[in-house]
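Each position in the sequence shown, counted from 1, maps to that position plus 828 in my numbering.
Any given hint could turn out to be false.
Simulated restraints on C-beta separations [what the hints assert, rightly or not]:
1. 847 - 1105: 19 to 27 Å
2. 892 - 978: 50 to 58 Å
3. 835 - 1064: 55 to 63 Å
4. 999 - 855: 37 to 45 Å
5. 904 - 847: 22 to 30 Å
6. 930 - 1086: 45 to 53 Å
7. 1042 - 1122: 45 to 53 Å
8. 855 - 1089: 40 to 48 Å
9. 835 - 904: 53 to 61 Å
10. 845 - 1023: 17 to 25 Å
Once the Cα atoms are required to be at most 27 Å apart in a straight line, the calculated DSSO-like pairs of lysine-lysine come out as [what the hints assert, rightly or not]:
11. 989 - 872
12. 903 - 872
13. 1036 - 999
14. 872 - 1056
15. 872 - 999
16. 830 - 872
17. 989 - 1056
18. 1085 - 1112
19. 903 - 989
20. 1085 - 999
Honestly, the hints are just simulated from the structure, not real lab data.
Since this is a predicted model, take the numbers as computed values, not measurements.
Just so you know, even glycine gets a beta-carbon here, dropped at the ideal spot from N, CA and C.
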Amino acid sequence: MKIRNVLILSVTAIALTGISFLVGQWTYSWLPPQAAAESRLVDKLFSVLITLGAFIFFGVTGTLIYSAIFHRAEKDDTSDGPHIEGNITLEIVWTAIPVLLVFWIANYSYQIYEQMGIQGPMETMHIHMPMAMTSASAAPIKEDTESVNVLPVEDIEVDAKQWAWVFRYPKIDITSTELHLPVNYRIRLALHSEDVLHGFYIPAFRVKQDIIPNRNIDFEFTPIRIGKYQLTDSEFSGTYFATMQANVVVESSEDYKQWLAQAANRQPSTANNQAAAEYAHASKQSIKSWATVIPAKAPVVNYSN
């Protein structure tokens, strides 16, 4: 009987592990495309956490259902259940396993955090990361660098204000309301807020950084997939913060250089600003609404989407 129970438990555990693993792999389809090297690390961590959660969920739920079906009291049985003494060994085991699991998850999560090279709130004062860091990185384009271990770096300045993004490319001194990035480059952003707390968040990249007023914050990531993505303000920065969005265009190094040249030949002009337009429209209405901050002037840039 004991051998039979052990076999049943073993088969159940193997099946439960397999199902949980499949659920964990399924999570990759729940998320946006992996457009940055950091997204691979985040998605892997998410998959591991979902796998563990699925194993615990199906294990506990399955045990409860099995007990309710096969160990329920007979009809009209109102007698007390059997008297069961506590088992110290079992209590130690079911306490130790979750504790060890939590420590393992915390350690693994911190390793992912370190590999991504994302700075925490205590490292916001222009602390530059070394270029040869052991972070997630896509294979560099050979024509752009002689070393396969060090990615070429592109520096871009980011200005956040209520409610617009302005990107400045210091190498040729142009500005844009659309963020253009060369694929397989290590992007190093200098983030700055002109007014309140903003959040730099690109879901397809799985990267997010709070932008604190009166602080210059360096932030790094590596785009690895050509395409158009969305940047949004992840912090509530005022009435029209939902309009504070910008396109993020990841393109080949050749297309990126062509875009820079094209933008450099344009005369600066006032960009379209949805927040300013909505505020102007609301101001003309006779209906009184709650007080709000007047949006900053629409930015004047070389290139706007």
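Consistency of the hints with the structure:
1. The given range of 19 to 27 Å is broken by residue 847 and residue 1105, whose C-beta atoms sit roughly 51 Å from each other.
2. The supplied range of 50 to 58 Å is met by residue 892 and residue 978, whose beta-carbon atoms lie about 54 Å from each other.
3. The supplied range of 55 to 63 Å is met by residue 835 and residue 1064, whose beta-carbon atoms lie about 56 Å from each other.
4. In this structure the supplied range 37 to 45 Å holds for residue 999 paired with residue 855, their Cβ-Cβ distance being about 39 Å.
5. Residue 904 and residue 847 have their C-beta atoms about 38 Å apart, which leaves the hinted 22 to 30 Å range violated.
6. At about 51 Å, the beta-carbon gap between residue 930 and residue 1086 stays in the expected band of 45 to 53 Å.
7. Between residue 1042 and residue 1122 the Cβ separation comes to about 21 Å, which falls outside the hinted range of 45 to 53 Å.
8. For residue 855 and residue 1089, the Cβ-Cβ distance of about 42 Å falls inside the hinted range of 40 to 48 Å, so the restraint holds.
9. Between residue 835 and residue 904 the CB atoms are about 35 Å apart, so this pair departs from the stated range of 53 to 61 Å.
10. Between residue 845 and residue 1023 the C-beta distance comes to about 51 Å, which lies outside the given range of 17 to 25 Å.
11. Of the supplied pair hints, the one linking residue 989 and residue 872 is violated, its CA atoms being roughly 34 Å apart against a limit of 27 Å.
12. Restraint check for residue 903 and residue 872: the C-alpha separation of about 49 Å exceeds 27 Å, so the hint is violated.
13. Of the pairs offered as hints, the one joining residue 1036 and residue 999 holds, with about 25 Å between alpha carbons and a cut-off of 27 Å not exceeded.
14. A threshold of 27 Å between alpha carbons decides the hint, and for residue 872 with residue 1056 the separation of about 23 Å falls inside it, so the pair holds.
15. With a C-alpha separation of about 36 Å, the suggested pairing of residue 872 with residue 999 is violated against the 27 Å cut-off.
16. A distance of roughly 39 Å separates the Cα atoms of residue 830 and residue 872; the hinted pair therefore is violated under the 27 Å criterion.
17. About 23 Å separates the Cα atoms of residue 989 and residue 1056, which keeps this hinted pair within 27 Å; it holds.
18. With a C-alpha separation of about 43 Å, the suggested pair residue 1085 and residue 1112 falls outside the 27 Å cut-off, and the hint is violated.
19. Only pairs whose Cα atoms come within 27 Å are accepted, and residue 903 paired with residue 989 is rejected, the gap being roughly 69 Å.
20. Between the alpha carbons of residue 1085 and residue 999 the distance comes to roughly 11 Å, so the proposed pair stays at or under 27 Å and holds.
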